[in-house]
Each structure stands twice: as C-alpha cells, then as structure tokens.
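Asker: Below are the chains, spelled out letter by letter.
Number of protein chains: 4
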Amino acid sequence: WEGEFFPNISYIRYEGPASRNPLAFKWYNAEEEILGKKMKDWLRFSVAFWHTFRGDGTDIFGSSTKRWPWDDGTDSLMMAYNRMRANFEFLKKLGVNFWCFHDRDIAPEGKTLKETNANLDAVVELAKKLQEGTNIHPLWGTAQLFKHRRYMHGAATSPYVSIYAYAAAQVKKAMEVTYELGGENFVFWGGREGYQSLLNTDMKQELDNMALFLKLATAYKKRLGFQGTLLLEPKPQEPTKHQYDWDVATTMGFLQKHGLSDEFKLNIECNHATLAGHSCSHELEMARINGMFGSFDANTGDAQTGWDTDQFLVDIAEATSIMLTVIKNKGIAPGGFNFDAKLRRESVDVEDLFIAHIAGMDTMARGLRNAEKIVEDGTLQTLVDNRYASFESPLGKAIKDGKIGFEELEQEALNSEEAPLPSGKQELAEMVFYSFI
Amino acid sequence: WEGEFFPNISYIRYEGPASRNPLAFKWYNAEEEILGKKMKDWLRFSVAFWHTFRGDGTDIFGSSTKRWPWDDGTDSLMMAYNRMRANFEFLKKLGVNFWCFHDRDIAPEGKTLKETNANLDAVVELAKKLQEGTNIHPLWGTAQLFKHRRYMHGAATSPYVSIYAYAAAQVKKAMEVTYELGGENFVFWGGREGYQSLLNTDMKQELDNMALFLKLATAYKKRLGFQGTLLLEPKPQEPTKHQYDWDVATTMGFLQKHGLSDEFKLNIECNHATLAGHSCSHELEMARINGMFGSFDANTGDAQTGWDTDQFLVDIAEATSIMLTVIKNKGIAPGGFNFDAKLRRESVDVEDLFIAHIAGMDTMARGLRNAEKIVEDGTLQTLVDNRYASFESPLGKAIKDGKIGFEELEQEALNSEEAPLPSGKQELAEMVFYSFI
Amino acid sequence: WEGEFFPNISYIRYEGPASRNPLAFKWYNAEEEILGKKMKDWLRFSVAFWHTFRGDGTDIFGSSTKRWPWDDGTDSLMMAYNRMRANFEFLKKLGVNFWCFHDRDIAPEGKTLKETNANLDAVVELAKKLQEGTNIHPLWGTAQLFKHRRYMHGAATSPYVSIYAYAAAQVKKAMEVTYELGGENFVFWGGREGYQSLLNTDMKQELDNMALFLKLATAYKKRLGFQGTLLLEPKPQEPTKHQYDWDVATTMGFLQKHGLSDEFKLNIECNHATLAGHSCSHELEMARINGMFGSFDANTGDAQTGWDTDQFLVDIAEATSIMLTVIKNKGIAPGGFNFDAKLRRESVDVEDLFIAHIAGMDTMARGLRNAEKIVEDGTLQTLVDNRYASFESPLGKAIKDGKIGFEELEQEALNSEEAPLPSGKQELAEMVFYSFI
Amino acid sequence: WEGEFFPNISYIRYEGPASRNPLAFKWYNAEEEILGKKMKDWLRFSVAFWHTFRGDGTDIFGSSTKRWPWDDGTDSLMMAYNRMRANFEFLKKLGVNFWCFHDRDIAPEGKTLKETNANLDAVVELAKKLQEGTNIHPLWGTAQLFKHRRYMHGAATSPYVSIYAYAAAQVKKAMEVTYELGGENFVFWGGREGYQSLLNTDMKQELDNMALFLKLATAYKKRLGFQGTLLLEPKPQEPTKHQYDWDVATTMGFLQKHGLSDEFKLNIECNHATLAGHSCSHELEMARINGMFGSFDANTGDAQTGWDTDQFLVDIAEATSIMLTVIKNKGIAPGGFNFDAKLRRESVDVEDLFIAHIAGMDTMARGLRNAEKIVEDGTLQTLVDNRYASFESPLGKAIKDGKIGFEELEQEALNSEEAPLPSGKQELAEMVFYSFI
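Residue numbers (the numbering used here), protein chains in the order written: chain Z, 37 to 473; chain F, 37 to 473; chain D, 37 to 473; chain V, 37 to 473.
Only chain Z is shown next, with the shape it has when bound in the complex:
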C-alpha cells in the first residue's frame, strides 16, 4: 500500500477562534508560547492506537459499525501493517507527535507466544521505519492483559501460576518494543486485576502477587536499560466489580505499602475519576501534591452513566481546571495528553476521527489559555493564600514545626477569645474562575 488512507483530509492548520472550519484548529496553535512554553510542549498530545485504529463500534449490545477504508476485515499481518501506516498518516495530518499502544493492538496474536512475538516484531519494525525522519514516537506502550480468555481471572492477580508467567512474558516483550520504539513511558492498566466476587477470591494473595509482579517489572526495566517512567492507571470498576487500582489514593497507598512509590507514577484518566466518585481535578490534584502525576488520559465520561464512555473531552471549564493543575505541576513531561477516547458508535465517517481529535485538542488548548489568564490574574491564588495565612503566624509555625503538643494547644484554646470565622468565599471563587472561561 502506497497511497493515502485519508485522501480528502489535508494537514490540519490553526485558523484561530473565528474559524468555522471543522477541520481546523481554533485554539491549539502548536508553536505559540503560553507561560514560557510552547503549547505543544505543555500538551504533548498522543493518539490512542486502540480506539482510533482498532475501535470498530462494538458495544455490549451491538456489533461493529465502522467500515474504515484501510480495514479488510481480517486480522492478518498485512492488515496490521496498513493500520500502522494509517496511524502515521493520521498523526502527521493532525500534527501530533505521540502515539500510545497495547502490544495486541498493533500486531495479531499467533498460535503460540513465539509466533505472537514474531508478529509483534514485524509490525514494530515497520513502525520504526515510519518513525524515521519524524519526531513521532510512542508516549507510552503497554501490554494488553485483559482481552484474551486466558486473562479472565486476572493476569498478575490470576489464581493460576501459568497465567502469571504468561503475563510476565507479555509485559517483558511489550516493554522491550516500547523501548525499541523510543517510548517515553510504560503503562500498567490492570484490566482484570480485581475481583468479581469476594466469595471465590483470596484478596490478600492477589494483592501480594500483583505487588511482586510490579517489582519484577521494575527490576527488568533496569536490566533492559529502559529509562522511561513506569505508570499505573487507576480505575475503580469495569470490567471487574472491583479493580485493585481503584483510584489515585488507593494506588498510591498500594505502591507505598510495597516500597514501590519511587518506581512508579500515575497515568490518570478523567472518566475513571468520575467512575470512582471523584472529580477529575480531585484525582489530578491528589497525584500532584504527592509528586505522582505522571501522565493524563484525556477523555471524559457522561455524568449520568455508570460505565466508561471514553468520550472526547469538550467541556471548557473542566479543561481549564485540568490545565491549572498541569501548570502548578510545571507540565507533565515525559508524560502527555493521550486521547484515550473513542468516537461514538454512531460516528462512522472518517472525518469524524479528525473532528473528534481536533475538538479534543482545541478544548485542552482553550483550557490552557484560560488557565494562563487565571494564573496571571492571581485573584484566585490570593484568595486561597489568605485563607491559610494564620498558619504563617508564630503559633502556626510552631505547630508545623512540631514544637508544641496538645497541652500547649489546649492552653491556647482556653486563653483565647473566640472570634467569628471568615467566609469560605466559594461563590466568589467560582465567579472568578468562570470569568476567565
């Protein structure tokens, strides 16, 4: 195949906010500087291979709806090559330098693990060739440990030692090809690391096995010489009833308990946050203040549904609050903004793939522009700082320095006149925030 897969789509250009062209950027201007950094360096967008090139519109009640031009309906190596070529054409036309993949997205499974690995090597070789002379490379790679029936009881948490070994082999290989392709991170999403019922589960053993697996991965990464960041991706539920990496706090606690806090950061997804009962900002901030914000899966859920809808994020207010955290974090490189988002099942035009990504990129860019204004204005930060100012008093400092105990604090309380407390000013804070959107 030498031709184009998207012959009717040209390179997407920045046309500014007044443009009504759906195939142009209105807010994302890659080379423009915001707060001392280019937009493309703040945002480091990445296309998710699985949604964009393997998503066929299947849902739990329906079969596939997409008929992409490069797809011949087989699961052949030739098909895999063509998908990879489509991926690169898409990345170039969109102006995106990163892509993310699972091992099994890009190459078909063979009859044996050996054959599977050979298939993977063949496709990786093509991808390397396609990367040559470009800035394109993986934001991260990962191993798909959830789709095949062998992983139905889990992978690193499978009750069966043979599956544990198979998962290890698969992660090892996925890490190697990620390294070979110049990937900057490696992600673990524990697709079936969890349980369906406590009645048939030994949760302690599963958690211990999972911790050990991550330790082995860490050790192997060093032997391999891979310098990228290892990332865990929290999700509370789905496909299992309980996923062990429930949310940011749970995952950080798990890492800490097993001495792995320094070896991992987190890949945080908005839709997973809301499934866990948190705002997306909560999860990002919780990771940030603990130094664990590694990378971002830029998507959104539907506030009224209880499953992962993986929609492209278009809410500007949400994007603004996300970017406020990213700015406070001074960026998230070597992480980035991976569009772990899929077209709606009913969106079957090739141009929808572009429209969805453009909308997603413009939304984050607009969020960045708004966040810049909020940061430069400073009103919001001042409001927060003022609230906590009393902890900068001598008493506040004595407390923070651990110099006084309950006895001294009791004396303080007994001897002080109580004064009414200041207002929390939440409505004012909201007014200020929205005035920049």
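For the record, the hints were derived by calculation from the structure and aren't laboratory data.
Warning: the hint list may mix true and false statements.
Identical copies look the same in the list; a pair holds intra-copy or inter-copy alike.
Unchecked claim - Under the rule of at most 25 Å between Cα atoms (straight-line distance), these lysine-lysine pairs were calculated in the DSS-like manner: (1) 293 <-> 433; (2) 209 <-> 433; (3) 293 <-> 364; (4) 364 <-> 240; (5) 102 <-> 147; (6) 439 <-> 293; (7) 150 <-> 164; (8) 74 <-> 129; (9) 209 <-> 183; (10) 240 <-> 433; (11) 436 <-> 258; (12) 251 <-> 439; (13) 240 <-> 436; (14) 73 <-> 128; (15) 240 <-> 409; (16) 293 <-> 251; (17) 293 <-> 240.
Note that the structure is predicted; figures quoted are calculated from it, not measured.
Based on the hints, put chains F, D and V in the right spot on chain Z.
Answerer: Showing chains F, D and V alone in chain Z's frame:
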C-alpha cells in the same frame, strides 16, 4: 430523678427463633458459645449515645419528631444527667455492656471552653457512678468536631490556626474522659476534614496538618497513659463533598505515608462503605488482610440513596458475610459492634428504640450462627483454596520467594502448552453461601 | 446430531433443604401446592435462549471465554439446529416448560431479509418438532433490534425511514413465529430506542414515531390473530445514554399518552429497576397497583456497579419481597419468570449453566415459601391496614368519595385539636419481615 | 425598623464582561434585547425567600453558621417583618422583580392554625405594602408541608385523615395569600409525598389520595378566582427514599392518569434532574415537547454527591443548553427563573448573598447570549433536521399519517437494497455547540 424511663419495658430475654415477641431475642443468646467463644464476646455490642439519646428525628427538610419521656426540651446539665440515666437503664434492659459517645452528646457546651469542660466533667462523674458495680463502660469515646460553626471549615484541617488549637484542646479532653470512664478505644471521625470545593482549598496543607494532628494525638495518648486503640473512621462524603478519610484503602495509605500505621486501626461503617462504592465486606476484608480492622459501626444504608441513612442492619446475608470476616479476624476486641444507627424519623415510640436494637442484635447473631455453619462445613474455603493451589507448586513458590524474574517467567510461558482455565465457580460459591442462610 | 449435549447431567430432582447436592433442587418442588396453586404455576420459569445458548462470555474488554460442546464456532444453520436441540435437552433436564428468544438468537442472519426469514422459518420448524409431545413452548418471543449496525441510531426511533420499515418487517415476522410456536407473550425491549446526545436528536419525533410503531404492532397482532400479551420492558440506560422506556412509571405514562394502556403490559427486570434508582419491589408494586404487571425478568444487578450485570438472583430477602407482590397480583400468568441472567464470564463449565439456573429457581421458590408464611401470618398486612384506618372513618370516606372540598377540610383542621401521630413502625415491620426469612 | 440591612451594598449595575467588580453584572443587562425580547423578560429572575432569608447554614451534621444583621434569633412576628423588609431591600438592590416563598418561611407558626393564619395575614399585609409602587410580586407561592412533625408521614399522602385535612387547610390559605400578593403561579413540591419503606406503605391509596388532593386544589383555585398556573415540582428522593413526583416523565404520567394534565405544568429544578439520573436538559426538553414546561428552579447539584446541594448554577455550557430549550419554548412566562439555591454553609458574609445571585444571573444571561448565537447560526438545527429528513419523504409521510401498516413496511424492507447509514455526527455537534460558548 429516681424512677424508670422505660417503665413498660422489661429486661430483654432470649426466647429462641420460634418466638414472635418483638421485645425478645430470637437469635442472640449472650452466653451461648459459638466456635469457642461466647456470643457476647464475639459481638461486643455497643449503643451509640448520639443516635439513641440525642437523635430527635430532625432531617434536612424537617424538624424534630421524637418526644422522649426524659427530654424536657432544654440543653441543661440536669437534662444531660437524665439522658445519661436513661442510657444506663436502656443498656441494662437491653443487656448491652458498651456505649459510645461524643463529648458534646453527653454534656452541654458552655459559654467558654473552660465551662464546657466543667460540664463534661460533671456528667462524666455521674456516668462513672452509674458504671460502678456493672460491666458497662465505653467501647469508645470521641470528640465532636463538626457540629459547631467554629468547625465549618474543618477542625484539624481548618485553615485557621485558632480552630486547630481548639480542636486539639477538645480531643485532649475527650481522650481524658474516655480514659477515665475505662473506654477501650478512641475514635476519630473527620466530620469536616475534607473540602467543599478545590477552588478555595489548599489540599496539601490540609492533609499535612491533619497528619500532624494525629501525631500529636498519638503522643498525648502515651503521655496520658491511655492504652486503648486509636481508630480512624473512613467516610467518603457528607457533610463535605470530599472527606479525606474516603475509604479503608485511602485511610490506610494516608496513615502509612505519615508513619502512623502502627498507631491506628480503623472503625469501619457499612453505610460509609456503600457511599464509597464498595460492599461492606470489601471494606472489612481490605482492613482485615492489612491488620487494620479495629472496630465496626453496625449499620446499613439504603442501596438506592446517596446519603448516610444509618439504618439498623437487618439483612441476614450481609450480616453473615460480615461475621465471616470477623471470624477470620479471630474477633475484633478491643473493638466491638457499635450501633451507629438511628430510628427512622417516623418511629416515635419508645419501644421502637428497643425493637430496632433487638433486630440489629438478632441480625448480627444470626449472621454469626450462619457464618459458623459455613466455616464448619468448609466447602467455600476449599473452593477458594483450590483456585490458588498452583501457587503452591515449585514454580509458584519460586515466584513468591522472589527467586525468579521476568526472563525465567518468559521461558516458562514460551515452553508451556496452554490449557483451558478452570471455571471461577462464582454461581456455585453463591449457592453454597446462601444454603447456610 | 442424535446424542446428548449434557451427558453428565441427569434430570434435576427435588431433594429438599437438607441436600448438599448442587445439581438438585432444595426448595423448588414443582408440583407442591402453595396458597392453592402449584409452585410451577406460580413461577412459570423460562430459560433465556440468548444468555444460555448465545452468551459466550464476551464483555466490553474481553473476547469469548465459553467453549460449549455444541458450538462449532460457525454461525451456520446447522449450528442453529444444534443450539436448539441443546436448548430442549436443557429445558427437559431442568424441568422447565418455557423458553424466551429473540429472532436473531435462534437463526442466523442471511444476506437479505428474505434469506434471513427463511433461516428463521427453518429453525422454527425444528423447534416446533422438538416441542411436540411436550408442554414446552415460548413464554415470549421478541425481535432483536439492537445488535446489527443498521439499528445503531434506533429502530422505531431511527431517524431513517428505511430502518423503521426494516424494524417493522422484523417485528412482524418475529410475532408470526412466536404465534406459530405457541408463545404466550411478545416483548418489546427498546434496545436502542433512546438517545446518546440531545444535541443531534429530535426527541419529540422519535417518541411519536415509537408510539406509532407500537400502534401498528397492535393492529397487526389483531390481524394475525395472536392472543398473547404485548409487553414493554423498561430500562433506563445502556446501551444508550437515555432509553425512552426509562422505568415503569415513565413507560406507563408513555402508553397512556398514546392511548396504548389497554394494549400493553410490562415485562419488569430487577437489574433494570436498580439501574433506574429503584428497588425491584418498587417497580413491581408500581406496575401491580396500576394493573400493568405482565411478566418478570428474574435477575439481579450488583448494587455497586452502574451497568447491567444480569446475574442470577440469589438474595432470599429480595426473592421474598418479589413473591409478596406476585401473590398480591394473584400470579402473573400468562407472564412468567424468565431468567434473563447469564453466567459470570469466568464460569465456563457446562454444569455452571445448571447450577446457576437451579440456584435461581430455588431462590424464587424459597421466596415463595417465605411469602406464603408472611401472608398467612398476617401481622405485616395488619400493621399496614391499621396505619390507613382513619380513611375508613366518615371523614375519610367523604374525602375519598369526593364529597367535600378545601373549605370543609379547612373547617375540620381549624376545629380539631392536634394529637401526636403514631409511629411509622418501620423497624417493627422489618423485624417481622425478616423473621420469616 | 427604617434603616438599611445592606448599607454597604449599592444597587447592582451592568458593567459589561470586562468588569472585575464582583458586585456588578458582566452579562446580565436587564433592558437589552435578545431575539426580540428583553433579557429581563426571558429570564424573569426570582429570589427564593427560604434560602436567602431563612437559610442559616444548618446541615445534617452541623448547626447554623450565618449571623445575618436582621436576625435577632427569635421566631417572632417582628423578626418576620424585618426579614420581609430585608427581602425587599435585597430585591431592589439586585434589580429583581420576583420572589418565591412558602407560607411558613415568611410568618411564624402559632399555637393553633387560626393563630398561624393570623400571623401569615399580618406579614402578607406588610409585604403588600412593600410591593406598592414597585413591579415586585411573587413568581409563586407554596405551602410548606414537610418541616413540621405533623407531616412526617406525608401531607396529601399521610395515612392520617386529620393531616390530610390540615394540609388542605394550609394549601387553601397559601393559595389565597399568593393570590392576594399577585403571585403568578402556585407550586406543589411534595416534600414528603413518598415513602421510606414499602413494608409499611399502601402505595395505591397514597397515590390516589394525592391525586384527589390536587383535584380539590384545582377546584378551589377556580372558586377563588386565582388565574395563576399550578405547578408540580418533580424530585426523585430526599427527604423520603422515594418521592412520588420522581421526575418529569413520572409526574406527567401521574397527572395524565388522573385527568389533571390540563390543570398543571411543571416547575423543574436542575439539581432534582441530576438526582433522578437525568441531565437538566433532558428534563426541560421532556417537559417542553409535552407542553408542560412551566417554570424553572435555577440551581445545580454536584455531579459527585447523591443529595440536593442546591448550588447556584455557574456552568456556562449548562446554562446555554437550558436557554436553548427556553428559546424553543418561546420563553416560560408566567413562569420564571427562581434561584432555589443557597450559599454554601461556609459563606457567611452578607456580600456573599449578592455575589452568589449575581453569578447566577450572569451565568443564565451568558447562556442566553450563547444560545442566541447558536440559534442565529443555525448549523446545529440544520444538522438535526437533516438527520430526520427521510421522514418527509412520501414513505415517511405515509407512516406518520397512519396510512400504512406492518405489511406494507415489510414489503418496503424486502424490496429495498440496504445502504450504509449516515454518521450520527455527535462530535461535530459538540464542536459546534462549544464553539459558541
């Protein structure tokens, strides 16, 4: 006051399952032995002073509905004495040896902290007298750090240092009176330790302040000589949008991060579990396998409502799975089963207080009896053990002993023939579980 | 194929509560009379062809896990014949006389609608032969209007008139074969009758089109001479964000608005109830008191997950409250108890199919036995009747007869002394309910 | 009292989007015309007396936090007069012409109903005087049938006939004073019309009683000569587990069943929509297409909490979609935008009352401005119209006119070639929508 508050209620007796007397136990037989321990020692029931003696039926849309015989509508010391006498009459008639309280439940707030403390001392003196010659004493005490407007922005997480000091003074005093009354534990429920909006919150400072507060509490406990267990109580939301002690995993992670894991255990409430999106069993098991299951708030929520309903738990299947965890934990002393549950707003008869507690006690007792049968039968445990048996193989042991890495596991996977995996047998496990209920 | 598909499974027998045999009934004794009716006539169990014979364990993150003995991996007519034979062997061994099906479950789709209809006719002919000399026949049939990509925008609510016509043709044919097989009901579950986004939807037109479609179905049913009941099945979400037949109340309102209340009843599913934020009992009672309780999809969800898990219902308390409504309704014939429930993805043994159905049947049977006791005891009904007794007073009757207006009621209120209200006695009611479980 | 309650707050003026003054409008310019109507006539803002003048910051775990200048802590008539004066000063300074109230918000309950009515008359007299010479009058009045313990089992659905009469008397009087004050609507929010448990409830009798009550109200309204609209307000839960007016669809179905559809419209609240599992837009559109959109309670909930938070709506995208429905409805007069929203408990400055209302008004005004642009642009409407165009074909018209049945549709389907369906274009629709925000 010398008379009875419940003149029409006699001592509640065990009459066995055939009884239709609402004012008798059908399943709870305090002295009967189950699996080598008396029922009363497995269950260590406790009455929650706040719900039973301060709950007046107020809800967010309605004013009080209860008109208890001992209540004169004032917040006087005399009223406090009478409530305490009613508490002891209730405990004795119910045959329960433990009670739980917040400082402000049992004694009225004065004009100054000094006066408040004096009020508390006066009521504690009476309680001590009433305890004399009985086995009755507090399962735990705690400080109410959420009702007064001074705590509207939090207590240990208040942005105001004066409030931090006040909270410290209050916890110090509450710990002292718990100690004085022979309380076996001291609980921290972070009623307003959380946030309403991230826009006006410095989450890092609040979490650090909270950790420091718990360290000071630990230090003071030792100076005081109090031997009881310190317990944190997880809850995800309500009253704040986000409570920092979200769930068991979050709370354990927080303790660990701040080096407090050995100083605290957890007081786990079923209703809080479901608000966090977990089954009650999940939270109990998660605590148990981490050695953190300290005590239990025996209640339940409504599966269809998004707020804390604090109902008496009457679901036998739920009670059975709770007791399975308690048995695996070999009991939870010095913790116990505190009925953090309230009458429905519309239940205004004095006898309803008894009926509700009897139903709650009988339900847990029935759960214990069922769990005993499940444990003695062994089918369920065997089903679980068989699932994980391959981790007892040489390969399994080598993995668990950390003797092999990804390379060896890969060789194993490459060289093994894949066999179909056994069934997870969840339906069979459910059939077995329910056959004992 | 002449052999058995389940050679290792014998006919399932009633062995009573003491039996520990997973392949026997402990509570369901088909011929035993309860409240004047045989258990099999109260319960009218039905096997759902789709879950039991087409469910392969696929979920949104995973491919198939089951390898059933009759399955050759093709979608051929021969395969369809074998599946149908397996269905009848399963029904006979389980002792169940009803089955439910979608048109596309039982026969493969052809290249044209004509060919598809011919395939369907061929399989229906076999099914008729297999039914001969047995009591077995469909509880209901239905048309699968959600799986094929042609229905991605809806069927009766598709924006495309060609799809509307196709759906009509499909329902017509499905109704005909249901009639031919002696089916007692015909179900409409609006799999994609709903929307994903209001932004691209004309909700009024879709609802009007749907109403018209149901009218056409009603008219055709009469021309066909089909005497069975037409049933709508409420579900709030999934696969679409909003399904028009959201819950019982919504569906009844829709039918009423379009003058269809007398032509339809409802097929109610527990799992759909909980997804809609209702208890299963609420939905059943709401239908019952409006004379709309037509049939029951016996399953359950997971209280902590936000999607349809379609589990076999094993909760005895839930089953008891369901059966209380069924008894109040004097049974639900010509409806029945269809097991719209699937094995967990990890349950891959053929015997799991039997175990799951046996557990489901025993649970409902146990619920029936408990409900009988509650009804015969009468305490619970008396408690309710007493609460409403004042509406049997002269004033109550005058109100109910519409004889007095606001003026007279105001006089009544002005002239009466207010007395404290009785207790709602919810805890007592719960104690009584659970004492029979 | 002759002075000002808000001496430091001047009349709020429109200063345009560039203003950073928290006490000025940036988007709401009352006299400016949008799509042929003044902003104040599209929006018809109303202040909710209960939140603004009776809300004291109490929540389920905390006592009051507000100390408003006009509040002397009593529940006296003098206090009621002062609150009413504060209300009018607030309305005037804010530039709002409508207010909404419950009977018991504005006047204290007496020892008898007669005395209570007299109190109400006295305050109403003052309010009338304060209204003189202004355009200010109630958007709607209502009766508070949920706070007093007499209503704990419901009002129109109380099992006790005496309470039913009392509720009738109270609604009668509330309707009279609403009429007297020139109120344009009268609202029924069934605060406790629902149940806590089905075990002690006769749902059929309660629903029938409620329907009868509404009929009596309708009849009395006519005798009284009140021309305003009667409005029901849906809410799914809280305070009861199940509120009978669950959502828009349920409430419309109930009205229809009882022949009340022409007598009532709906007062729709965003926060109630989300509690029911719907988007706010869904509820508004469902009412609009059924001709039942009567009035709007302008607030919002928190997407992550399961209770009514009644926050001021500040989300611009939400406001835009609300205003799109309002424009399609050609406005909602005689209904309006009532701020059924309260300050956060921690917001205790008098200026917070102004800031919150200004933010709420500006948000809706901004939504109106955005919606105007979307309507004038027309792209979104064209996208929708095109999707449904095939229903304007001869076949489409024949279907809609009821001229053809299943037989003809089947012929159509059998004889047509199937073509791939167009894309749903959801991502494009979202891109267009957000480009105007």
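Asker: Tell me, please, which holds for residue 364 and residue 240 at an alpha-carbon limit of 25 Å: within, between, both or neither?
Answerer: between (37 Å within a copy, 13 Å between copies)
Asker: If the cut is 25 Å between Cα atoms, do residue 240 and residue 436 qualify within a copy, between copies, both or neither?
Answerer: Between copies only: 13 Å across, 37 Å inside.
Asker: As a check of your reading, is residue 74 near residue 129 (CA-CA no more than 25 Å) within one copy, between copies, both or neither?
Answerer: Within one copy only: 19 Å inside a chain, 46 Å across chains, cut-off 25 Å.
Asker: Regarding residue 439 and residue 293, is the shortest C-alpha distance of 25 Å or less found within a copy, between copies, in both, or in neither?
Answerer: For residue 439 and residue 293, the Cα distance is within 25 Å only across copies (21 Å; inside one copy 29 Å).
Asker: Checking an output row: residue 293 and residue 433, CA cutoff 25 Å. Within, between, both or neither?
Answerer: So residue 293 and residue 433 pass the 25 Å test across copies only (22 Å; inside, 30 Å).
Asker: With identical chains treated as interchangeable, where does the CA-CA distance between residue 209 and residue 183 reach 25 Å or less: within a copy, between copies, both, or neither?
Answerer: within (17 Å within a copy, 36 Å between copies)
Asker: Should residue 293 paired with residue 364 be assigned to within, between, both, or neither, using CA atoms and 25 Å as the limit?
Answerer: Cα proximity of residue 293 and residue 364: across copies only (22 Å, versus 27 Å in one copy).
Asker: Using 25 Å as the alpha carbon limit, work out where residue 293 and residue 251 are close: within a copy, between copies, both or neither.
Answerer: Result: close both inside a copy and across copies, 12 Å intra and 19 Å inter.
Asker: At most 25 Å between alpha carbons: which applies to residue 240 and residue 409, within, between, both or neither?
Answerer: between (48 Å within a copy, 23 Å between copies)
Asker: Given a CA cutoff of 25 Å, do residue 209 and residue 433 count as a within-copy pair, a between-copy pair, both, or neither?
Answerer: between (52 Å within a copy, 24 Å between copies)
Asker: Using 25 Å as the alpha-carbon threshold, which applies to residue 436 and residue 258: within, between, both, or neither?
Answerer: between (39 Å within a copy, 21 Å between copies)
Asker: At 25 Å max between alpha carbons, let me know whether residue 73 reaches residue 128 within a copy, between copies, both or neither.
Answerer: Answer is within: at 22 Å inside a copy they meet the 25 Å cutoff, but 48 Å across does not.
No hint from the list above goes unmet by this structure.
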